[in-house]
Amino acid sequence: MKKLSKILALIMAVSMMVLVFTACSNSSNTESPAPTGSQAADPAETGSGDEGGSTADGLSIGATYYTLQTEFCMRMDNAAKTWAEENGVEYVGYDGQNDAATQLSQVETMITNGVDAIILNPQDADACVACVDAAVAAGIPIIGVNTMVNSDQLTAYVGSEDVSAGEEIMNYMIDYMGTDSFNIVVLEGPMGQSAQLQRWEGINNVLADYPNIKILDYNTANWSRSEAMTLMETWITTYGDQIQAVVAENDEMALGARQAITAAGMDIPCIGIDGITDAVTAVSTGDMIASDFQNAEGQITGALEAAVKVINGEEVEKEIWIPFEMITPDNYEDYVGRY
Amino acid sequence: MSNVSTPAAASIKRSRMSGKQFISTYGSLIGLVVLVIAFTVLSDGGRYISGANIRNILRMASINGLLAVGMTFVVLTGGIDLSVGAMMGCAGMYSAYFAQATMGYHWFAAVMVGVLMGLAIGLFNGVCISYLKVPAFVGTLGSMSIAQGLTFLITKSKPIPGLTDGFKNIGNGFVGPIPIPIIIMAVVLIICFTLLYKTRYGRYIFAVGGNLNAAHVSGINTKRIICSVYVISGVLSALAGVITTARVTSGVTATGDGYETDAIAMVVIGGTSLAGGKGRLWGTIVGILIMQCLTNGLDMLGVSYYAQLIVKGFVVIGAVMLDGLSAD
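Line by line, the protein sequences are chains A and B. Sequential numbering from 1 applies to the first sequence in my numbering. Sequential numbering from 1 applies to the second sequence in my numbering.
The shape of chain A in the complex, shown without the other chains (with noise of 0.2 Å):
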């Protein structure tokens, strides 16, 4: 009796498991067997036969995102899976759990599902370099997104100049304060990180034209709203009044430090990059005086694009590059509800 009882269980238990993911396969697999099964002949014929246009219709692209946890990423995903309906074309995007090792098994995994083309916004520049080699040892093209691989074998990248954003942020505030001759601090991302060390290349690029902007002090906030606070809240008591302006890599750190300068009752200017939803908010209520908008859209479809045109036998630019925009006081209607 017992027995059949726990082989009752067991039964339940995994036909339980069978139904959850069939059913959540479902909406992404459903068309998936017709079109994979011409994909592979497809791409040969047109490189041989009609060169008339690149046609995605019925191609088959996967996407690894080092996380699908932050907005950005979530950002680009969702941008990628309306470019796919919109397109035709069978679109699958991973999340590669901030792990190299993980994004390296998600390529595996593509390759051996047949896609045509893998998008990977890698966790690290070097650690996934290997996830370049195994697509390219696969011949399957294979596009880089918002963070560059140290690898010259990735068929393109696109993305945005990080060093860019430092300088057009370091700019864009020389030009609010009006003045060249005042004191900052400067909010960093985690050390290391290829968007950390632009971001404060380009700041110094631009600083190095204005001796009289002394960097009162400058440290990691990680990214991080609440640990940018933190730091704020340190800064405020050691230089007080000292701190005429704060210049943060990245909207949450700007954000934080914003939070800890207005419950010091200060208020001092403060500047960041991505422009995620609240700091467009934050623009709006003059809690920001800018944000440096990353155009996670346009990297992704530019890449989507990239691997279609890659897959049909044209040429690409090995980079692309998508500008950053300024969200300013002015153009900040713009970006409202755009997500």
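Derived from the structure by calculation, the hints contain no laboratory data. Model, not experiment: these values are computed from the prediction. For every residue, glycine included, the Cβ atom is placed at its ideal position computed from N, Cα and C. You can take every hint at face value.
Example chain B residues on the side facing chain A (calculated, C-beta under 7 Å, incomplete):
#, residue
1, Asn53
2, Met60
3, Thr249
4, Val252
Chain A is fixed; fit chain B onto it per the hints.
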């Protein structure tokens, strides 16, 4: 596994144990088979069981599974090791440091640095828990933080690229058609099965986990046994870290982050009781394969990561539920 002739007491203990565990072990095996069949049917043209995909699954299972194998030893004594993921990252990073082409060390030296790192942290865990009476949960939680700190210390959180080809080969190379990580796992499993089921040491581990006082009274050096399982866990975690680093061809600080929960899940799915004394290494292997087959299969079907988390949660709970029912 239990056909060897053993002293009477041990053999009675073992036969009772395997009787209790029979259903749950059998259950998870059936679960695995059903999973594989289901994924094969659902995947496009059955490419789930293609040679390349099986190789992918086994390679990942070999790397992540090393943590679970070490964890099995710890859990059998009634302990837990929360530091496996951090040790993995730490060992990987230190071995990467010495595996840089510019450093000019042989790959084997780099591997040994990593393994020794794991051994040291594991020994630290073991001493704290067995001799200094720190609860396992707290002790390994502390060393998890220490190991993460050590990882950042060596590199200031920057990744370490430019590893030698010999080192990278550990994660990416093949012997014939078989990836090297799978071979390493096979060797580790042979050693662990021998240790656990063919030696006195293995019986002591079960005894300590089953009833610590009884084991102590019967003359077993329980402290040394408990200490040793954390060393085993440390060394195997380190090995996983070294292989992962070699596989992604650079040292990354985030390696191993959060892997401890997966390792514990694999052990639990395999039917090893968190209370200690009861369990099978064989079950852990099934647990490892279930987790890896699930991840790979759901990825292949394009199931979102969020849904995957939910499915995996149900699988873990379901497995323990089965275990509980079979213990009635």
